[in-house]
Amino acid sequence: MQERKSSNIRYFRAPTRLSRLVERPGGVWRPKAVADAERLVESMRDAYVSALEELIADLQCVQSDRSLAVPAKLDRFERTADRIITVAGAFGYTALAEAAMRLCDLVRGLDGCTGAAIEIVAVPIDAIRLLAPRAEMQSEIQTSRLLAELQALLDHLGIATPAPVEVSP
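In short: position in the sequence shown from 1, add 29, done, that's the numbering used here.
I should point out that these hints are in silico values taken from the structure, not numbers from a laboratory.
Here a beta-carbon is modelled for each residue, glycine too, at the ideal position from N, C-alpha and C.
This list has only true hints and no planted wrong ones.
Subject to a maximum C-alpha distance of 20 Å in a straight line, what follows is the list of computed SDA-like cross-link-like pairs (lysine to any residue):
1) 102 x 86
2) 102 x 114
3) 102 x 146
4) 102 x 140
5) 102 x 138
6) 102 x 147
7) 102 x 152
8) 102 x 150
9) 102 x 145
10) 102 x 158
11) 102 x 82
12) 102 x 139
13) 102 x 133
14) 61 x 71
15) 102 x 137
16) 102 x 149
17) 61 x 73
18) 61 x 72
19) 102 x 151
Quick list of simulated restraints, FRET-style, between CB atoms:
20) 90 x 140: 18 to 26 Å
21) 53 x 167: 49 to 57 Å
22) 184 x 100: 21 to 29 Å
23) 111 x 143: 21 to 29 Å
24) 47 x 191: 37 to 45 Å
25) 43 x 82: 45 to 53 Å
26) 163 x 61: 30 to 38 Å
27) 96 x 61: 48 to 56 Å
28) 55 x 178: 49 to 57 Å
29) 90 x 163: 14 to 22 Å
Modelling step: build the complete structure from the supplied sequences, incorporating the hints.
Have a look at this one:
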């Protein structure tokens, strides 16, 4: 093992506006910053719930559009479901995000299929519609049963779903 030789090189940091601001006293305490961020997210909830409703309507439009080719439909389903997962997850709509994940799994499993096989996407799209934020509230039992049936559909079709990832707070 070699020993590291000491060097006569000295490093000087160039003064920047950011370095001066960081060194100044003051700032916001972490709990206050988190509370402010949570308030800001909540203030945007209505706009994003409306966006979720538009994404769900887009899924239904793509589903009923007979002019789109199957690969184009599958691509639109996956991109739209991915957006639903992102927004639903950010605002705590975990069941909706889970149903959208099952749609993504189904779409990936249907990759390369043609014709009538694509009509099976109606099942998770209807589940997503039922779990929409402003839809008639489902009980926790109904919601878990609905998600279990989506998983059973994927199992029946032999489509593997990725294992859930635990995220620590």
